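Please work from the sequences and hints to get the whole structure.
Each protein sequence line maps, in turn, to chains A and B. Under my numbering, the letters of the first sequence match residues 1 to 114, in that order. Under my numbering, the letters of the second sequence match residues 1 to 312, in that order.
What the hints contain is simulated information worked out from the structure, not anything from laboratory work. Hints are supplied without guarantee of correctness; some may be wrong.
Just the calculated beta-carbon pair ranges, DEER-fashion [said to hold, decoys possible]:
(1) Thr94(A) with Tyr279(B): 26 to 32 angstroms
(2) Ala55(A) with Gly88(B): 44 to 50 angstroms
(3) Pro27(A) with Gly105(B): 33 to 39 angstroms
Here are the simulated DMTMM-like cross-link-like pairs (lysine to aspartate or glutamate), alpha carbons at most 20 angstroms apart as the crow flies [what the hints assert, rightly or not]:
(4) Lys281(B) with Glu130(B)
(5) Lys32(A) with Glu81(B)
(6) Lys32(A) with Glu92(A)
(7) Lys281(B) with Asp148(B)
(8) Lys32(A) with Glu79(B)
Stretch-level coverage of chain B by chain A, calculated; a stretch enters the list once three of its residues show a Cβ under 8 angstroms from a Cβ in chain A [as the list claims (entries may be wrong)]:
(9) 61–70
(10) 73–79
Quick caveat: nothing in here was measured; it's all calculated off a predicted structure. Heads up, the beta-carbon is just placed ideally off N, CA and C, and yes, glycines get one too.
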Amino acid sequence: MMNAITLFGLCGPALVGLGLFGLITNPQPVRKILAFNILGSGTFLLFGVIARRGAAAGLDGDPVPQALVITGIVVAFAATAMAIALLLRLFEETGRASLNSSNPNNASETTDAS
Amino acid sequence: MTLTFIFNVVLVALLLTVATWIIVARAAFSAAVAFVAYGLLLALVWVELSAIDVALTEAAIGSGVTGMLLLGAASRLRETEATAVPAGRPLTSAVAVLCALIAAGLAAIVLFPPSIVFTLAPQAMARLPESGLGNPVAGVLFVYRAFDTLLEKVVLVLALVSVWSLAPDRFWGGVPGLHVYQQPNSVLTLLAQLLAPLGIVMGIYMFWTGANNPGGAFQGGTVLAAMWVLVMIAGLQNVPSTDRRALRYLVVLGPSIFLTIGLAGFLLANGFLAYPPGYAKPLIIVAEAALTLSIGVTLGLLTAGPPERVAR
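Here it is as structure tokens:
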């Protein structure tokens, strides 16, 4: 019989898989940032399930992984803010928002710049 | 099958549906809107996992502030979407198979956990009363793993420095490019006027109660940041230029005070970030108060983005 904790525990890996898929296959950087955040939240959820299974000493969960997840959410936010700022600057400079260097338009732009 | 279990099944189904939509949606903007909903659903999952502190952080940061940044970016980049070349079908299928394998591997860990349950809860609780804190998560953040928490605050300051550094040279020290919707008598203006005072009280309460109950400097600071951004967007207060000295002092105030308390541990206690016996709670409250303010200002400025106008 599956309990709720196992259910959430299986949700975490599913989110990691979905996030990783989006991160690799989606060509738009902003979608990659979104997928990266889903991948991260799946990892956090796995931590949360480990914390919940470690319930002891009158607590409903191990506070150590919970605190690690809080730190993780903050650092993921800092990385996201940084990535978005980089992306918007790239768009301002080149008028494009793509990581694809084999694009012919981009190739001529880079030669002009150098 | 209890009612709670059915609720949890529906919650997980919704969460996975929204996550899939975020990955496959055609427009980046609708994916970003879905991301806000995703964060709130995830916060509910954290509540169900009895991690209220994490739920508050996820709702405030994961959904709220990150969502706002992504919405802004998606709306600015809308015109570039048509030119993006999607990955080929063989590659997509190969990646899908590999990602499914990784997910299955992680799921196996969940389904077949080691027979010994690893937990640090008894150790965390054993000496928690000495710190005077009642919230074990706050205890881990500010007593056992205070160095991590200090570095986490420094990461935020570094993120702000990096974001500001991405401004073109001529705008350095200028005004961030936050979009302001100044319409007197609009619903937004009324909301900013009504919600901001309540939100500020709530933010301070969340920091204050964090010592003994779920909450803390981070969650409180995020609420303060949200109120500040709301007031700026409604045009009730000007977006400050980033060369304002007071603003910069506020950004580093929290980490500096926390670092000072940490260094004082060498003299007054037995090492870096150690608290002298009996003074742990007051020192943590002082550090948290300063951090709440700094986090509020730093997150507000990160949301406002790099300078895009020259200061007048």
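Evaluated hints:
no. : hint                                        : result
1   : Thr94(A) with Tyr279(B): 26 to 32 angstroms : violated (55 angstroms)
2   : Ala55(A) with Gly88(B): 44 to 50 angstroms  : holds (47 angstroms)
3   : Pro27(A) with Gly105(B): 33 to 39 angstroms : violated (27 angstroms)
4   : Lys281(B) with Glu130(B)                    : holds (9 angstroms)
5   : Lys32(A) with Glu81(B)                      : holds (13 angstroms)
6   : Lys32(A) with Glu92(A)                      : holds (19 angstroms)
7   : Lys281(B) with Asp148(B)                    : holds (18 angstroms)
8   : Lys32(A) with Glu79(B)                      : holds (17 angstroms)
9   : 61–70                                       : holds (count 6)
10  : 73–79                                       : holds (count 4)
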